[in-house]
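Chain residues, written in single-letter form:
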Amino acid sequence: MAQVFQPRSNAIVRIVFIGGACLAVAVLVMAVAFSGSPYVTGAESVPQQPVPFSHQHHVGGLGIDCRYCHTSVDRSSFAGIPDTQTCMTCHSQLWTNADILAPVRESFTEDRPLAWKRVYDLPDYVYFNHQSHVNNGVGCESCHGRLDRMPLTQKKSSLSMKWCLDCHRNPSPELRPSGAITAMGFEDLSPEESGQLVAHYGIKTDRLIECMTCHR
Amino acid sequence: MSREQGQQLIPGDLTQRTLTSRIAGLVLDRRPRPGWRVGFVVSGLLTLVLLGGLAHLFTTGVGIFGINIPVAWGMPIVNTIWWIGIAHAGTLISAVLLLTRQPWRASINRLAEAMAMFAIVCAGIYPLIHLGRPWLAYYLLPYPDSLGLWPQWRSPLVWDFFAIATYLIFTTCFLYLSLLPDFATLRDRALGRGRQLFYGVLALGWRNSARHWARYEKANQVLAVVAAPIVVSVTGIISLDLAISIVPGFHFTIFPPYFVAGALFSGFATVSMLAIIMRSVFGLRDLITRRHLDYLGRMMLLFALVVGYAYSQEMFTAWYTGDEYYRYLMIDRWTGPYAPIWWGMIFCNVVLVQLLWFRNVRRSPLWLFVLALTSNLGMWLERFQIVFTSTHAEFMPSTWDTIWPTGWDWLLYAGTLGLFTFLMFVFVRLAPVVSMHDMRTAMRERSQPESTDHERARHE
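Those protein sequences? They're chains A and B, same order as listed.
Heads up: the first sequence begins at 1 in the working numbering, then just goes up one per residue.
Heads up: the second sequence begins at 1001 in the working numbering, then just goes up one per residue.
It is worth saying that the hints were derived from the structure and are not from the lab.
The beta carbon of each residue, even a glycine, is placed where N, CA and C say it ideally should be.
There could be a bad hint or two in this list.
Each pair of labels, with its calculated beta carbon distance range [said to hold, decoys possible]:
{"id": "1", "chain 1": "A", "residue 1": "Asn10", "chain 2": "B", "residue 2": "Asn1360", "range": "49 to 57 angstroms"}
{"id": "2", "chain 1": "A", "residue 1": "Gln49", "chain 2": "B", "residue 2": "Thr1060", "range": "37 to 45 angstroms"}
{"id": "3", "chain 1": "B", "residue 1": "Pro1397", "chain 2": "A", "residue 2": "Pro82", "range": "51 to 59 angstroms"}
{"id": "4", "chain 1": "B", "residue 1": "Glu1324", "chain 2": "A", "residue 2": "Thr71", "range": "39 to 47 angstroms"}
{"id": "5", "chain 1": "B", "residue 1": "Gly1063", "chain 2": "A", "residue 2": "Gln131", "range": "33 to 41 angstroms"}
{"id": "6", "chain 1": "B", "residue 1": "Phe1395", "chain 2": "A", "residue 2": "Pro50", "range": "55 to 63 angstroms"}
{"id": "7", "chain 1": "B", "residue 1": "Ile1169", "chain 2": "A", "residue 2": "Gln6", "range": "42 to 50 angstroms"}
{"id": "8", "chain 1": "A", "residue 1": "Ala26", "chain 2": "B", "residue 2": "Gly1035", "range": "56 to 64 angstroms"}
{"id": "9", "chain 1": "B", "residue 1": "Ile1169", "chain 2": "A", "residue 2": "Ser76", "range": "34 to 42 angstroms"}
{"id": "10", "chain 1": "B", "residue 1": "Arg1189", "chain 2": "A", "residue 2": "Asn10", "range": "20 to 28 angstroms"}
{"id": "11", "chain 1": "B", "residue 1": "Arg1189", "chain 2": "A", "residue 2": "Gln6", "range": "17 to 25 angstroms"}
{"id": "12", "chain 1": "B", "residue 1": "Leu1136", "chain 2": "A", "residue 2": "Asp166", "range": "45 to 53 angstroms"}
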């Protein structure tokens, strides 16, 4: 009777086994890398807005404070998108004929709000409160990046749960004094100073990682 | 073990060659036996019923089950525990009988191991389909996720996942290892090129050399030694799902050994049923003898007595603690809406099983089959009363409710019974239903009763 297998069969089986194991590991690594990539999370995306508003110009160039437009950021869960009237406080006097601002004037005369696109959209099952962050030492820059360097507003974070938890598990490196919340390019504090801020704001770090903190 | 008993366990008129031919023939014959065809078709249809039920479940949601607060677990968890019990006994039977060198192991260990593997598949289905969002079941895996979370170790669901996954991996290895020499035999006996390749690949290059056998023996012993702690800890974990809570009826330190005994009881019962079915479908009455059935019946009786002792301890504890909730639970079990379940359990597991004291009952395939069936039924009722009766009337009377399984519960239960049977029937057509190499060893030991372990080199 002829042999069922050739001597090279052993090598083939070994290659299939080892290759299969390597392939499984490779697929897993790629799946993890892909699921965390900006392509999936939308980090670094730049949504198309009705008016090409430049934070770089208004924040970096003119030095307008964040709260001038995002008025409810320290009083509400929602930071607030400025209404057209806020734009018109200046633009009724400045650049009144600029083509780029035509949608703003149109919105003002027709009394119809500008439809700004949301840049940071959390899932509905996540409870997020701006007020409790900015009043407890978390600067705007920590989540939104260097807005003073953004000609168009870019989403700077993945908004994944891991991203939230990285800070909730260890908040002190992101803390700053209350006077520097809206500052851009804030220098990191020493670990001692950060530790003092945790005590200063009365942050109960063990509470920050409970499910109920964000999923209510 | 006297020589006389050994001769009864192994057919005297068979030589090693004819024995191998017969068992291999069951797999290699082109035409399956009529009994096999009937079982294959019926269980295959039931498996389709399971798939249909699952499709309805996934499109509709867990509301189709008879689960509602306060009975949140319901029949899916009853069935999980029931199947896990059957599964755990399979490996433990095979491993313990191997370690204690019981010669009657040879003709039933394959059945017991296959039963373990397919029962754990059925058990694993239920916790997943009991999830509100089963498509998120992968959250149970500790994978590098974007949530920044590892599995919640305080959740019994995670324990279930790890217990069942550990067990599935272990039992697959254990079964596959013991199949290796038999796959090689089938490879050498198969006539078609396709079958030669199929069994040849499965045999992983087994050449029957002394070195292969030495490694096989060592690996098999190691796995058998590992089996006992794995089975006891895995069954213990399943019981802790319940015992960790403060609910009377769940909160009971006797649960781990109680569940292990219950698992072995239902496992021996299921092995008996499978052995009786297989010996009549495949004509193996001389390999799986009445003496084997006798031993299986004795083991069933032993563990039935342990289970009965656990019931008595549960009642004693309820009285002795003086805890009014616990006492009420027992009275509710005897007289409440689920009382028929409790009394049915006592009838099956405590009363009826006493018939196994009689040798003629143990040796009668029909009687043993009936008693094995009622024992499995009794163990199912036991899990039902644990899950339903304990939770339907808890501490707060305003939440009391009586909840019964729905038609879909029963349909999916019938479906998993079908799946289990289907997998068993497919398995026995693809692999030898009786371990050929273990039978050959048993025969050799019969002819040389004084041989030592070292001399049992298994050259053909």
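Results for each hint:
1. A:Asn10 <-> B:Asn1360: 49 to 57 angstroms: holds (55 angstroms)
2. A:Gln49 <-> B:Thr1060: 37 to 45 angstroms: holds (42 angstroms)
3. B:Pro1397 <-> A:Pro82: 51 to 59 angstroms: Roughly 56 angstroms apart at Cβ, these two residues keep to the hinted range, so it holds.
4. B:Glu1324 <-> A:Thr71: 39 to 47 angstroms: violated (60 angstroms)
5. B:Gly1063 <-> A:Gln131: 33 to 41 angstroms: holds (39 angstroms)
6. B:Phe1395 <-> A:Pro50: 55 to 63 angstroms: Once the Cβ atoms are compared, 59 angstroms apart, the range 55 to 63 angstroms for A:Pro50 and B:Phe1395 holds.
7. B:Ile1169 <-> A:Gln6: 42 to 50 angstroms: Distance hint for B:Ile1169, A:Gln6 is violated at roughly 32 angstroms.
8. A:Ala26 <-> B:Gly1035: 56 to 64 angstroms: violated (47 angstroms)
9. B:Ile1169 <-> A:Ser76: 34 to 42 angstroms: violated (52 angstroms)
10. B:Arg1189 <-> A:Asn10: 20 to 28 angstroms: holds (22 angstroms)
11. B:Arg1189 <-> A:Gln6: 17 to 25 angstroms: Holds, at about 20 angstroms.
12. B:Leu1136 <-> A:Asp166: 45 to 53 angstroms: This hint is violated: roughly 22 angstroms between Cβ atoms.
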